[in-house]
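J.: Chain residues, written in single-letter form:
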Amino acid sequence: MPRLDAVRRHEIVFSLNGAPARVEVEPRTLLTDALRHGLGMTGTHVGCEHGVCGACTVAIDGEPARACLTLAVAVEGCEVRTVEALAPEPGRLGVLQAAFRRHHALQCGFCTAGILMSLDAYLRCRPHATRAELTEVIGGHLCRCTGYAPIIAAAVEAAAVLRGESIEETPSHA
Amino acid sequence: MKPARFDYLRAASLDEALAAIARHGDEARIVAGGQSLVPMLNMRLTKPGLLVDVMRIETLRTPRRENGALVVPAGTRQAILLDRPHVADELPLLAAALPFVGHVQTRARGTLCGSVAHADPSAEIPLCLVALEGEVHLRSAKRARRVRADDFFVGMMVTDRAHDELVEAIGLPLRAPGTGYAFAEVGRRHGDFAIVACAAVVDGRRMRLAVGGVADRPTARDWPLLDGTALDDALNALAWDLGAGEDIHATARYRRDLVRRLGRRVLEQAAEEARRCQG
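Just so you know, the protein sequences line up as chains A and B, in that order.
Note that the UniProt record's numbering gives residue 42 to position 42 of the first sequence, counting from 1, and the numbers run on in steps of one.
Note that the UniProt record's numbering gives residue 92 to position 92 of the second sequence, counting from 1, and the numbers run on in steps of one.
Hints are not guaranteed to be accurate.
[To be verified] The following label-pair restraints were derived from C-beta to C-beta distances: (1) B:Pro85 <-> A:Cys48: 33 to 41 Å; (2) A:Gly147 <-> B:Asp227: 43 to 51 Å; (3) B:Thr229 <-> A:Gly147: 42 to 50 Å; (4) A:Asp5 <-> B:Gly178: 54 to 62 Å.
[Unchecked claim] Going by beta-carbon spacing under 10 Å, a handful of chain B positions derived as facing chain A: (5) Arg10; (6) Asp53; (7) Gly102; (8) Thr106; (9) Val158; (10) Gly187; (11) Gly191.
It should be emphasised that the hints constitute simulated quantities derived from the structure, not laboratory data.
Ideal Cβ positions, reconstructed from N, Cα and C, are used throughout, including at glycine.
Please work from the sequences and hints to get the whole structure.
T.: Put into structure tokens, the structure is as follows:
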């Protein structure tokens with residue numbers, strides 16, 4: 001491919017939540033900024049901007065990825081999935097989101113989009129994930145509100161719902 | 001922060017990547033999974049003029065067995081190796097250590113060769129490569145060469161790689177009969193860089209211990225089979241020789257203590273496993 005000039009903007013084409021997306025970026029533009037500023041998709045949050053906090057996690061070709069450690073030019077032709085894809089329609093919550101709500105698995109909500117995307121990617125590949133595995137996935141994220149227990153409870157319950165198992169109606173506050 | 005400006009080349013072939021780094025010398029940096037380099041770009045600790053992305057090069061994707069080693073090319077992501085069927089049989093040390101490398105989310109992107117090229121003295125993959133006496137396969141437009149892991153790591157984030165060379169692959173020796181392997185580390189949290197990490201390889205004649213996080217590079221020692229106070233003395237001498245420093249995470253004394261204790265633990269565990277498979 002031709003070398004992309006540092007001071008120019010270049011069009012990249014990829015799939016975003018199942019629909020074709022185009023955005024013009026400099027080579028140095030991070031995927032977080034391409035999504036938020038270029039495409040107005042502000043569900044993906046920017047926290048530490050060096051890969052530690054996990055708030056910006058999205059799925060690229062089905063695998064979780066820190067959008068802040070991904071150059072936008074590197075996702076040319078890839079399938080990117082963000083938190084905006086989780087709700088089946090406006091006003092309704094996806095299975096993971098509903099479990100998070102039942103379990104009070106968020107307070108300020110800043111870290112939530114990233115955690116949801118990590119769990120979404122993981123459970124798609126491993127629907128029978130154990131509590132220990134889900135705890136490790138959540139360990140790749142920083143949450144300074146909840147103490148993690150309700151997040152883990154929500155993840156375990158969402159996994160069961162996605163497998164088609166029935167769950168207790170009473171929400172646990174972990 | 002955001003990276004400073006750079007040109008970007010998504011190389012379609014090995015030759016294209018090698019030609020680019022030959023032309024641009026130390027102005028160019030190779031990027032693979034980006035899990036070490038992009039944080040440094042974001043913090044502007046490095047400002048390359050050109051990034052050469054090697055992740056679309058088909059021939060650098062798939063590990064292959066070759067002369068008793070698994071040759072892992074530049075494009076193999078850590079998660080791919082960890083998900084490899086029977087990885088615990090063919091590379092027990094890597095199977096034990098890889099879960100400590102970052103998190104699920106970073107292993108899904110980060111590569112083994114990228115971690116080796118980055119050469120953080122606390123990183124687990126360089127440590128395993130040294131413990132296993134593996135090789136680094138370097139290639140430039142002009143030549144290819146293989147360097148022993150012990151000689152590749154020169155100092156903190158400094159390696160034997162020349163500016164026009166790519167870490168094309170690493171060669172990880174496969175499990176040998178009658179040999180035991182063990183890994184352990186202590187860090188502030190799982191997924192953080194280790195304060196001290198230890199990897200041991202023990203067979204019927206020899207024990208080898210590699211230590212990360214203390215000296216400016218992963219460092220290994222070989223001993224005949226030792227136990228009791230002879231092993232204590234050997235570990236104590238190693239702990240002092242590594243020249244532990246003090247930082248925000250740990251005192252030098254604590255690091256030396258971890259070398260003695262984790263070192264003994266992994267050597268004993270590997271020796272026990274070696275006895276079992278000789279059994």
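J.: Now tell me if each hint is right for this structure.
T.: Results of checking the hints against the structure:
1. B:Pro85 <-> A:Cys48: 33 to 41 Å: 35 Å, holds
2. A:Gly147 <-> B:Asp227: 43 to 51 Å: Cβ of Gly147 of chain A to Cβ of Asp227 of chain B: about 44 Å, so the range 43 to 51 Å holds.
3. B:Thr229 <-> A:Gly147: 42 to 50 Å: Holds, since Thr229 of chain B and Gly147 of chain A (Cβ atoms, about 46 Å apart) stay within the stated range.
4. A:Asp5 <-> B:Gly178: 54 to 62 Å: 57 Å Cβ-Cβ, so the 54 to 62 Å window holds.
5. Arg10: Holds, about 5 Å.
6. Asp53: Where the cut-off is 10 Å and the nearest Cβ of chain A is about 6 Å from Asp53 of chain B, the hint holds.
7. Gly102: 8 Å, holds
8. Thr106: 6 Å, holds
9. Val158: Violated - the Cβ of Val158 of chain B stays beyond 10 Å from chain A, reaching only about 22 Å at its closest.
10. Gly187: 12 Å, violated
11. Gly191: 6 Å, holds
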